[in-house]
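There are 2 protein chains.
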Amino acid sequence: MLADVQKALDVIKQRELDRVFFVACGGSSSLMYTSQYVMDRESTAIDAYLYSSNEFVHCSPKKLNEKSLVILCSHYGKTPETVEAARFAREKGALTVSLTFDPESPLSQVSEHVIVYEDGKNSDFANESPAVMLELVFGLLAAREGNGKFNEIVSSLENLRPILNKAKEKTLADAKAFADSYKSEKIIYTMASGANYGIAYWFAICLLMEMQWIHSHALHAGEYFHGPFEVLDEDVPIIQLLGLDETRPLEERSLEFTQRYGKRIIVLDAKDFDLTGVAERVQGYIAPLVLQAVLRQYAEELATARQHPLSTRRYMWKVAY
Amino acid sequence: MLADVQKALDVIKQRELDRVFFVACGGSSSLMYTSQYVMDRESTAIDAYLYSSNEFVHCSPKKLNEKSLVILCSHYGKTPETVEAARFAREKGALTVSLTFDPESPLSQVSEHVIVYEDGKNSDFANESPAVMLELVFGLLAAREGNGKFNEIVSSLENLRPILNKAKEKTLADAKAFADSYKSEKIIYTMASGANYGIAYWFAICLLMEMQWIHSHALHAGEYFHGPFEVLDEDVPIIQLLGLDETRPLEERSLEFTQRYGKRIIVLDAKDFDLTGVAERVQGYIAPLVLQAVLRQYAEELATARQHPLSTRRYMWKVAY
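So the sequence lines, in the order shown, correspond to chains A and B.
FYI, the numbering for the first sequence is 12 to 332, going by our numbering.
FYI, the numbering for the second sequence is 12 to 332, going by our numbering.
Quick caveat, the hints were computed from the structure, so don't treat them as lab data.
Among the hints, erroneous ones may be present.
[Unchecked claim] DSS-like, lysine-lysine: derived pairs with alpha carbons at most 27 Å apart: (1) 160(B) <-> 177(B); (2) 78(B) <-> 74(A); (3) 74(A) <-> 24(B); (4) 329(B) <-> 160(B); (5) 160(A) <-> 74(B); (6) 18(B) <-> 160(A); (7) 103(A) <-> 18(A); (8) 73(B) <-> 74(A); (9) 274(A) <-> 329(A); (10) 187(B) <-> 73(A); (11) 24(A) <-> 73(B); (12) 282(A) <-> 187(A); (13) 103(A) <-> 18(B); (14) 18(A) <-> 160(A); (15) 24(A) <-> 160(A); (16) 274(B) <-> 197(B); (17) 73(A) <-> 282(B); (18) 78(A) <-> 78(B); (19) 187(B) <-> 274(A); (20) 73(B) <-> 179(B); (21) 187(B) <-> 132(B); (22) 78(A) <-> 73(B); (23) 197(A) <-> 274(B); (24) 197(A) <-> 194(B); (25) 74(A) <-> 74(B); (26) 78(B) <-> 73(A); (27) 197(B) <-> 274(A); (28) 282(A) <-> 103(B); (29) 194(B) <-> 274(B); (30) 329(A) <-> 274(B).
[As the list claims (entries may be wrong)] From the structure, some residues in chain B lie toward chain A, with a derived Cβ separation under 8 Å: (31) 51; (32) 52; (33) 55; (34) 63; (35) 66; (36) 73; (37) 241; (38) 266; (39) 268; (40) 270.
The beta carbon of each residue, even a glycine, is placed where N, CA and C say it ideally should be.
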């Protein structure tokens, strides 16, 4: 575990805290859906909220105060809304802990505690941002409520890199077949629930919409039968995620339906991967990270098949907004 | 105000409550996004959560207990997931208050307190479900925290029917023009933030996806610039909502961008309607109801232009799921 994470947890241990706010934008925010799910499932007394940074600042939650922990994340640490959210949270007296790849970034400068995570092909997965987020929430739960899963989370994350690599190897042919079959689609939905919903959201808004200019929407497997399912016909593509958390029955139910009436359903099931080394009672919280690694490879193959590199943008970093 | 609402508030007053859970599915859930926003903005100590019913039951939030108020809603009171959620909440000792149109429904039978709301062309708008939701949350805030906006909410809701009628009259020609111009679209996005996001969600999943089989997605105006905006070109239709709450700057920003690069942007701005009779400091919370009435008319005209009645279904109520 990174020294920065331990330092943040030491501060968290000593401070009276009754609420956590997860605040970020886009891809950085998507990781926090799992954190929110962890807090909902595991915490007996600490309330948790997830906000897009600009909504956080403008809504100005009345319960944000000196007993609040605000966890923020921005890869380059330059996202203006997240920098402003950190400044705003400190003004309200909250404890700010920010995750970023750049220790010199604006976000690093305005935050009380900074966790500089690793990233890239040679990094230790246990020190990348998805792992850090889990270490932080389980560290908080251990410190404040005696939750006993922290050590299992840490050891599972340390064992994760080879598991992710094997999952990617196992699905490489599937990813190539997906890319070939779906490269001309104008819209591709994603669907999940519980701990995995954030990954469906990430794939929809960052990989498909932002990086491939393909229309998308992250469907919630529970909400699906209360409106969205009517749009399904044999030609509508849906990527169905199945995780290992308590909401898996929702994902299984939507899968049964989409496979019954659809013919373009892509299934990614965390059960299909060898999770030896991941402690059984935290597998539901780790499954999203496995699904994310596999999905990333699907996006890479799709980008290749479409000759539309994942780095292509028309507005981001190019025009004012 | 309905006697049922007063009865529920009398019970709420006498009970020690520290959390509210808003639990429903689809259209019934969409109203609760505004309730959640109210609680975030106005409450000093009561935490609030919004769940789709099936996620609520399977996630089983650890903080759900005898100090929790669970507000549920289902129009016919037959939504199985919501009935199960009420049963589950009572089992955990929570106080259950359910909104429904049918006093004899399964939801009515399993809930501790039932509010039978009005609906239909001759009903009093102040007794319809969107009004009841606002009365409940501001009644709770008045009783538990001395929040002073309750009377303004009640009187504003009593004055709302003619305001909605005038807003619909004012936009009837626009609704017909929208229907004519957009009747062949395969995908139409909606966008909003804050108190209005639930209305964008409702229009996307219930009106467009469920009732018109048009692809859709409710974009959050704050998240928009962190992925989804890359999909915009001159041909992408987006219905942009502008409300009167504190997050309006987010909606104005996304509007400026979509109008700069898009040519199929439909704007519905709460500022364009005469809200005389709605107390100024609660207009941000009432604006979603005005936008909803106007949007409903847009959907009706679209259904007529497409010769696809809003009541058409292929799966709902027809097949097992």
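Inset, instruction - Return the numbers of the hints above that this structure violates; sort them in rising order. - result: 4, 6, 9, 10, 13, 19, 20, 28, 38, 40
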